[in-house]
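Q: Each chain is listed here by its residues.
Number of protein chains: 2
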Amino acid sequence: MSNGRILSVQSHVAFGYVGGKAAVFPLQCLGYDVDVVNTVNFSNHSGYGRFGGSKADAAELSRIFSLMEQNELLRSERLLTGYIPSGEALAAVKEMATKLRKANPELIYLLDPVLGDSGQLYVAPDVIPVYRSMLPLATIITPNWFEVEVLTDVKIVNIATLRQALKVLHEQHNVPNVVMSSIPLKPWLKAVLPSRSWTPAEEASSDDDFLMCISSSRDGGVTSVVHAGRVPLIPGYFSGVGDLFSAMVVAHYNPTSPSILSDTKPLDTVSGETALSRAVSAALTKTHAMLKLTNDYAQALPEDQRLPTDDEADEKETNRRVRRMKGRELRLIQGQDIIRGVQAVTERKMELWHGFWAA
Amino acid sequence: MSNGRILSVQSHVAFGYVGGKAAVFPLQCLGYDVDVVNTVNFSNHSGYGRFGGSKADAAELSRIFSLMEQNELLRSERLLTGYIPSGEALAAVKEMATKLRKANPELIYLLDPVLGDSGQLYVAPDVIPVYRSMLPLATIITPNWFEVEVLTDVKIVNIATLRQALKVLHEQHNVPNVVMSSIPLKPWLKAVLPSRSWTPAEEASSDDDFLMCISSSRDGGVTSVVHAGRVPLIPGYFSGVGDLFSAMVVAHYNPTSPSILSDTKPLDTVSGETALSRAVSAALTKTHAMLKLTNDYAQALPEDQRLPTDDEADEKETNRRVRRMKGRELRLIQGQDIIRGVQAVTERKMELWHGFWAA
Numbered sequence: 151m152s153n154g155r156i157l158s159v160q161s162h163v164a165f166g167y168v169g170g171k172a173a174v175f176p177l178q179c180l181g182y183d184v185d186v187v188n189t190v191n192f193s194n195h196s197g198y199g200r201f202g203g204s205k206a207d208a209a210e211l212s213r214i215f216s217l218m219e220q221n222e223l224l225r226s227e228r229l230l231t232g233y234i235p236s237g238e239a240l241a242a243v244k245e246m247a248t249k250l251r252k253a254n255p256e257l258i259y260l261l262d263p264v265l266g267d268s269g270q271l272y273v274a275p276d277v278i279p280v281y282r283s284m285l286p287l288a289t290i291i292t293p294n295w296f297e298v299e300v301l302t303d304v305k306i307v308n309i310a311t312l313r314q315a316l317k318v319l320h321e322q323h324n325v326p327n328v329v330m331s332s333i334p335l336k337p338w339l340k341a342v343l344p345s346r347s348w349t350p351a352e353e354a355s356s357d358d359d360f361l362m363c364i365s366s367s368r369d370g371g372v373t374s375v376v377h378a379g380r381v382p383l384i385p386g387y388f389s390g391v392g393d394l395f396s397a398m399v400v401a402h403y404n405p406t407s408p409s410i411l412s413d414t415k416p417l418d419t420v421s422g423e424t425a426l427s428r429a430v431s432a433a434l435t436k437t438h439a440m441l442k443l444t445n446d447y448a449q450a451l452p453e454d455q456r457l458p459t460d461d462e463a464d465e466k467e468t469n470r471r472v473r474r475m476k477g478r479e480l481r482l483i484q485g486q487d488i489i490r491g492v493q494a495v496t497e498r499k500m501e502l503w504h505g506f507w508a509a
Numbered sequence: 151m152s153n154g155r156i157l158s159v160q161s162h163v164a165f166g167y168v169g170g171k172a173a174v175f176p177l178q179c180l181g182y183d184v185d186v187v188n189t190v191n192f193s194n195h196s197g198y199g200r201f202g203g204s205k206a207d208a209a210e211l212s213r214i215f216s217l218m219e220q221n222e223l224l225r226s227e228r229l230l231t232g233y234i235p236s237g238e239a240l241a242a243v244k245e246m247a248t249k250l251r252k253a254n255p256e257l258i259y260l261l262d263p264v265l266g267d268s269g270q271l272y273v274a275p276d277v278i279p280v281y282r283s284m285l286p287l288a289t290i291i292t293p294n295w296f297e298v299e300v301l302t303d304v305k306i307v308n309i310a311t312l313r314q315a316l317k318v319l320h321e322q323h324n325v326p327n328v329v330m331s332s333i334p335l336k337p338w339l340k341a342v343l344p345s346r347s348w349t350p351a352e353e354a355s356s357d358d359d360f361l362m363c364i365s366s367s368r369d370g371g372v373t374s375v376v377h378a379g380r381v382p383l384i385p386g387y388f389s390g391v392g393d394l395f396s397a398m399v400v401a402h403y404n405p406t407s408p409s410i411l412s413d414t415k416p417l418d419t420v421s422g423e424t425a426l427s428r429a430v431s432a433a434l435t436k437t438h439a440m441l442k443l444t445n446d447y448a449q450a451l452p453e454d455q456r457l458p459t460d461d462e463a464d465e466k467e468t469n470r471r472v473r474r475m476k477g478r479e480l481r482l483i484q485g486q487d488i489i490r491g492v493q494a495v496t497e498r499k500m501e502l503w504h505g506f507w508a509a
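Protein chains in written order, with this note's numbering: chain L, 151 to 509; chain H, 151 to 509.
One should not assume that every hint holds.
In silico BS3-like pairs for lysine-lysine, Cα to Cα no more than 27 Å straight-line [to be verified]:
hint : chain 1 : residue 1 : chain 2 : residue 2
1    : H       : K340      : H       : K442
2    : H       : K499      : H       : K317
3    : H       : K244      : H       : K317
4    : H       : K466      : H       : K476
5    : H       : K476      : L       : K252
6    : L       : K442      : L       : K476
7    : L       : K205      : H       : K244
8    : H       : K205      : L       : K244
9    : L       : K499      : L       : K317
10   : H       : K466      : H       : K442
11   : H       : K317      : H       : K305
12   : L       : K499      : L       : K336
13   : L       : K244      : L       : K336
14   : H       : K244      : L       : K476
15   : L       : K244      : H       : K476
16   : H       : K305      : H       : K340
17   : H       : K249      : L       : K476
18   : L       : K249      : H       : K305
19   : H       : K252      : L       : K476
20   : L       : K205      : H       : K499
21   : L       : K442      : L       : K336
Calculated from the structure, these hints are not laboratory results.
In isolation and in its complexed conformation, chain L is listed as follows (with noise of 0.2 Å):
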């Protein structure tokens, strides 16, 4: 069992399962070598509210990076990048990128850029022009909705504004795979998408009760063959769950998989996959089982663990919203042979979706 290495630069938490701790794990039960380089130091992640500990700043990063350098130690096959704390610090991560790069045009690099969610930045401003910097350097990157918003300028209302953000990314930003991930279904969603294997009730569902992943390959420099897939909504709030994903889609992606056909055609006529989808796939199946797993004990828990939010509340008693965290952590040791795919669960496969370009 041997997969290589992987070097991840991300955040770390002592408590809970956020960052490198959603995701370093994962990768080792899958048989990666991963190289770990921890971003910030922390007690537990900020939505606790209460939370603190130590930032590495650009100069320790840059420090590391060169020991490693030196050492001929930064030679991992893989490279994941999630949370980094500031412009500088980011900008130190891209120095170091681009020479994994050039020393290695094969390497497989998953840009997780960490910027915020629904509407809401959650890094200083400044890293937004280095990540847009960073892209080009990217085999992978799985920014959210808001996040594809952010990064292109493009405000994704519509199927033309869906593929316009996609062809920023791809054209301008010179990226051959995007995942988009937790995409509500809104109406104008629903209405395009390829719709052949929906169940009655899913036909009959609200826009509440499915998020969304939309997958673009075009490895070869062809235009890009577009895949969907749904995963049903687990109300409420879990932390982790993006990193544990991003975790995936590198550890499953496999470009020289057989049967995916030659570089320039990333589509495999006859599974209708690509490189990407099929790494998106076993991705979404064991990320949602794992978070099912992670709801199914959150809801078990006595009253006390489980209160609803409720700012005015947590006002008044801090440690309501922490419990409330606590129960949400994700159940990653307990779930681990639904990483290992060794446990049986519900596969979320993304389908590939014909005449997405069309106009």
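With chain L fixed as given, assemble chain H onto it according to the hints.
A: For chain H alone, kept in the frame of chain L given last:
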């Protein structure tokens, strides 16, 4: 699969497997939720010659522990502490361990007093008195031969001084469980060891062929029950082995195991085992199998990656040493099924040492 929580406080390196990198993944594989506090964040271990990064000072460690405490997150059932860079930082760990112990008398605390090896200290001497003062907090300690001598001020040269050192740890420092590892099989030791199950080849072996491990358990306050085990020595320097071993001991220590008769009688007279000797047998078995896997891999590397230790040649070409170190990093990822116990390996069993305390 759920074994509860363990708080691990030790070093972190980006590349390779020492400290937390050697302990956390194996603990997670065995079903533990691991809370991970990093005492240093380094590029790689110091054996590479070139290394660096940042150290958490006492204030940073105290702040993280305090935030965890306020957030009701400092409630693990087990605690594992390893390399701590300074006396001040260690004092911060002591304060936290004291609180955990006070809040939970059943806490299982494995304290690995990382001081040095083979007559050489590799920490600041100011940690020694702090470690001594922490010994009464521990459930289990895992010093090597040299560390026992430093902690007890007893030079171990015969069975009488071996008894005396154990007495100091049990009676003066109130440690219920002591595991002494990496003991060279000197002639005087071989002469007194219980040897009923030694093969003729083992009988004829020299003192360079085996490393001994001695465990001594006096749960409940009775005279301690002593066990001894041996593993074939694998020549050459491997890092992180002690960190993996300690993690495996704390993971497999189960004082409430039904066949351990009672708290005041640590010895199961049917099996000849104590809760401690069982844990140490499992830890020896898995650690030695992992070391063998690593050594087999290292031996099969191209010649330039397995050059012998040669300080002069290393001096001339720094990365000669680096390449040797890199080829000897533990194969934890490739050997994860050994940790999980699903891959059959040679069992290493601790044997009851009848009459150890007899004059």
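Q: Hint by hint, work out which the structure violates, then give me just those numbers in ascending order.
A: 10, 13, 18, 20
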